Amino acid sequence: MPFIPHTEHDTQQMLDAIGAKNIEQLFDEIPEALRSRGLDNIPPGLNELEVTRLIKQRAARDQPLICFAGAGAYEHHIPAAVWELTTRGEFYTAYTPYQAEASQGTLQLLYEYQTMMSSLMGMDLSNASLYDGASALAEAVLMAIRANRKSKSRRVLIPTTVHPDYRRVVKNIVNNQGIELVELDYCTECGQVMVDSLAQYEQSDYAALVIPQPNFFGNLEQVDQLTDWAHDHKMLVIGVVNPMAMAVIAPPGEWGEQGADIACGEGQPLGIPLSWGGPFYGFIACKQKQVRQMPGRIIGRTVDRDGNRGFVLTLQAREQHIRRSKATSNICTNQGLMVTASTIYMSLMGAEGVERTAMHSHTNTKALLEQLTAIEGVKRRFSAAYFHEVVIQLNQPAAPVLEKLAKAGYLGGFSLATDYAELGDALVVCVTETKSDEEINQFAHAFAQALR
Amino acid sequence: MLIFEQSQADRFNKAQQPGEAIALSDIPSEFRRQQRVALPGVSELQSVRHYTRLSQKNFSIDTHFYPLGSCTMKYNPRACNTLAMHSNFLGQHPLTPASNGQGFLQCIYELQEILKEATGMRSVSMQPMAGAQGEFAGVAMIRAYHDARGDTARSEILCPDAAHGTNPATATMCGYKVREIPTGDDGDVDLEALRAVVGPQTAGIMLTNPSTLGVFDRNIKEIADLVHQAGGLLYYDGANLNAILGKVKPGDMGFDVIHINLHKTFSTPHGGGGPGSGPVGVSERLLPFIPVPMAAKTDDEYHWLTEKECPQSIGRLSANMGNSGIMLRAYIYARMLGREGLERVADYATLNANYLMVKLMEAGFEVALPGRRATHEFIVTLKKLTRETGVTAMDVAKRLLDYGYHAPTTYFPLIVPECLLIEPTETESKEEIDGFIAALCAVKQEAYDDPEKVKSAPHTLPVKRLDDVRAARELDLRWTGEESLIKSG
Numbered sequence: 001m002p003f004i005p006h007t008e009h010d011t012q013q014m015l016d017a018i019g020a021k022n023i024e025q026l027f028d029e030i031p032e033a034l035r036s037r038g039l040d041n042i043p044p045g046l047n048e049l050e051v052t053r054l055i056k057q058r059a060a061r062d063q064p065l066i067c068f069a070g071a072g073a074y075e076h077h078i079p080a081a082v083w084e085l086t087t088r089g090e091f092y093t094a095y096t097p098y099q100a101e102a103s104q105g106t107l108q109l110l111y112e113y114q115t116m117m118s119s120l121m122g123m124d125l126s127n128a129s130l131y132d133g134a135s136a137l138a139e140a141v142l143m144a145i146r147a148n149r150k151s152k153s154r155r156v157l158i159p160t161t162v163h164p165d166y167r168r169v170v171k172n173i174v175n176n177q178g179i180e181l182v183e184l185d186y187c188t189e190c191g192q193v194m195v196d197s198l199a200q201y202e203q204s205d206y207a208a209l210v211i212p213q214p215n216f217f218g219n220l221e222q223v224d225q226l227t228d229w230a231h232d233h234k235m236l237v238i239g240v241v242n243p244m245a246m247a248v249i250a251p252p253g254e255w256g257e258q259g260a261d262i263a264c265g266e267g268q269p270l271g272i273p274l275s276w277g278g279p280f281y282g283f284i285a286c287k288q289k290q291v292r293q294m295p296g297r298i299i300g301r302t303v304d305r306d307g308n309r310g311f312v313l314t315l316q317a318r319e320q321h322i323r324r325s326k327a328t329s330n331i332c333t334n335q336g337l338m339v340t341a342s343t344i345y346m347s348l349m350g351a352e353g354v355e356r357t358a359m360h361s362h363t364n365t366k367a368l369l370e371q372l373t374a375i376e377g378v379k380r381r382f383s384a385a386y387f388h389e390v391v392i393q394l395n396q397p398a399a400p401v402l403e404k405l406a407k408a409g410y411l412g413g414f415s416l417a418t419d420y421a422e423l424g425d426a427l428v429v430c431v432t433e434t435k436s437d438e439e440i441n442q443f444a445h446a447f448a449q450a451l452r
Numbered sequence: 001m002l003i004f005e006q007s008q009a010d011r012f013n014k015a016q017q018p019g020e021a022i023a024l025s026d027i028p029s030e031f032r033r034q035q036r037v038a039l040p041g042v043s044e045l046q047s048v049r050h051y052t053r054l055s056q057k058n059f060s061i062d063t064h065f066y067p068l069g070s071c072t073m074k075y076n077p078r079a080c081n082t083l084a085m086h087s088n089f090l091g092q093h094p095l096t097p098a099s100n101g102q103g104f105l106q107c108i109y110e111l112q113e114i115l116k117e118a119t120g121m122r123s124v125s126m127q128p129m130a131g132a133q134g135e136f137a138g139v140a141m142i143r144a145y146h147d148a149r150g151d152t153a154r155s156e157i158l159c160p161d162a163a164h165g166t167n168p169a170t171a172t173m174c175g176y177k178v179r180e181i182p183t184g185d186d187g188d189v190d191l192e193a194l195r196a197v198v199g200p201q202t203a204g205i206m207l208t209n210p211s212t213l214g215v216f217d218r219n220i221k222e223i224a225d226l227v228h229q230a231g232g233l234l235y236y237d238g239a240n241l242n243a244i245l246g247k248v249k250p251g252d253m254g255f256d257v258i259h260i261n262l263h264k265t266f267s268t269p270h271g272g273g274g275p276g277s278g279p280v281g282v283s284e285r286l287l288p289f290i291p292v293p294m295a296a297k298t299d300d301e302y303h304w305l306t307e308k309e310c311p312q313s314i315g316r317l318s319a320n321m322g323n324s325g326i327m328l329r330a331y332i333y334a335r336m337l338g339r340e341g342l343e344r345v346a347d348y349a350t351l352n353a354n355y356l357m358v359k360l361m362e363a364g365f366e367v368a369l370p371g372r373r374a375t376h377e378f379i380v381t382l383k384k385l386t387r388e389t390g391v392t393a394m395d396v397a398k399r400l401l402d403y404g405y406h407a408p409t410t411y412f413p414l415i416v417p418e419c420l421l422i423e424p425t426e427t428e429s430k431e432e433i434d435g436f437i438a439a440l441c442a443v444k445q446e447a448y449d450d451p452e453k454v455k456s457a458p459h460t461l462p463v464k465r466l467d468d469v470r471a472a473r474e475l476d477l478r479w480t481g482e483e484s485l486i487k488s489g
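Chains Y and R, in that order, give the protein sequences. Numbering of the first sequence is given in our numbering, commencing with residue 1 and proceeding in unit increments. Numbering of the second sequence is given in our numbering, commencing with residue 1 and proceeding in unit increments.
Chain Y extracted, bound-state conformation (with noise of 0.2 Å):
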């Protein structure tokens, strides 16, 4: 039997060891009527050979497009070194870190981790990662909702730039504890949050305010002036942000007077790839004064017996098997592998690295836009600087355009259509530093194609 090591021998001894006739008998407390009668649906077994033949052939039909889109999920180079490390089974097989002096490898990497994430978001602090971008931002509005002392409200603003999915799976955790969530709306001409549109929400109390950046269009926010808002009116502040970004955009920590109070995202734009949305892994940060609100696992510098440095799970009365029903959050299991990946790329790329990347990656896109935009029927949608993606406008519907640049092998990016239909024949295209000038003078003109 395929990874079970018993010989008949050695399953004799052990049977007569205990005192059973077989095997069958080691389920005689099971009550009879329960039993099943096997698992008949499920094929029979394949050995390695076979099963890599089938996964091979399924593989063959599923051939990358060639992608220019983000909307949430970013391609970019990953180094060789990357997954050849964090595959190896000192990591990927290793559990939980609970016993320290046993998992010393996976602990000091994730005090590094920390300590990467925490200064690339200008914060103080960072935990062990959570599961996804989406979740982690559910968890801030938690975070926010507990941590804000000086409001009662059980409310958080939250504008629609940020990423629709997003939205959905922050009200489909939060809106079991009777949270809710006031959706601001945007700048139609400029693809960002006025600032002056908030007059509306002064007089009322709400916990936080959420802000992108980029936001879902790519565009950047007026992050100093909500920040400075937001924190006028008592509320605290998320930033929800592309890691990758951050390497040359402002940062959470900068925000504002005071910087915002947590910073979350997506961290699959460090070194994880696309992989159909999965496993990617949530990041969180925050300040020092917030650290006991913040979910999930925290690792710490302490020391051992005898002074030498080591690193151990810290905190651990805010999570669920210490504090049970009143534990910060349910979350258990993180994304260790993830982070694993996401350290070791962030130190093979160095802060230059992670510079020229965001560089590149928007320059790529601004020569995108200016070949898209010299197509008829295609204009730039909105006024706001940008990053690394932007939405432009056509003169036709972009589902069916995109159809036609899948067939000619590009992901095209994402049609507007069905989230923000007041933004009519709108699409969000995304180019990283992945994409050659040639790729690029390719797409555009596939693109034209596409729209006769």
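If you're looking for bench data, these hints aren't it; they were derived computationally from the structure.
Subject to a maximum C-alpha distance of 27 Å in a straight line, what follows is the list of computed DSS-like cross-link-like pairs (lysine-lysine): (1) R/K177 to Y/K326; (2) R/K297 to Y/K407; (3) Y/K289 to Y/K152; (4) R/K464 to R/K453; (5) R/K308 to Y/K407; (6) R/K430 to Y/K21.
Since the model is a prediction, treat every value here as computed from it, not as a measurement.
Start from chain Y and add chain R according to the hints.
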């Protein structure tokens, strides 16, 4: 050494630069970062060597026996990783149209079907990204079910006192009050106590069967009837599904909703703490509420079901389809084992646990429930050893590390004093288990002969016993370049 201690400000890894630095003149300066991010400046070799060496400071399944109760640390077949990392899977953006992903969608659809058969549930969604998120989805569906019937007075979720901490924490996240039910002396849920608390305020009960005490609750049918008669629903925590694969199905026990930990029963990696995957299965009455997106098949075409087709769904819990790459690994594992292999999982997991339990009893260890069969795991209590020597379960756990064995789960469940929860899994050989028994016996002897040696363990690992209290009191959660009073290691 930390990676930061090897860093030079002006050193960078040329091979990974996408090109020259470019001025971002069209992004106004107010939007730009002021202080440069403090990532390490190291060469590629420095980084590779550093993280390779760090990995060598870990215990893992690939290097050590890992009898961690309730965690199912079985062998993670390498083929599952290699095949799931095929470039045509890794390169797929989540917005890729289903027509360009028929191979992947077929795998996910078939995995859903396999999990339906293994659990006896009506439908399975792969959306939740971990066990605790699966629990959340399950309890949110229970709430949606009651709400849809206008039955809104139900405010309580029942949990046994031996339950995983995630159960009560999840009930709270779903806005419920938690009421604990005591466990009887025989290890089964105390039916009288249950009768006393179940009522019109009961939204549901969360149970693991086999329980966290390592026994199969023989009264499961009576529990199901009691809760159902009161109008509540039954939630099955799939943490211990490995013990009953092919033997008994949660659907047949009367459960309305379940989650499965793919990183336990279906052998996907634990990865130093994730990613997990916590698919949920539902009975007929919860079908309308199942989370989306999930894979579906019409004629010979595979596609995604979304909120559009499932308007009563509790919706999505992730921005995408859940932890897709983990699902692929579980699918490959299930196809390799097949129906006969999956049934053998429970057989040999149970054989190994019962053998280990009997041998430890022979060696003078006290088990928590000596009159009961072990399932895939069982509990040893060291309260006598602690009383006689001062050596605690934690000390024994740390000393086992010196013998080259990862410690069993300690101090869980909370209701058994000085306990070790031991789960050997089906993939360990008799020789490995015998070696572990010998090590535990040796540690017990040491506790009487030289208790200080056990209390100060471990002695042979990269660090000695670490000071948890100091870590929590003098918080140091990121490197700032100052060594303070801590000696460099």
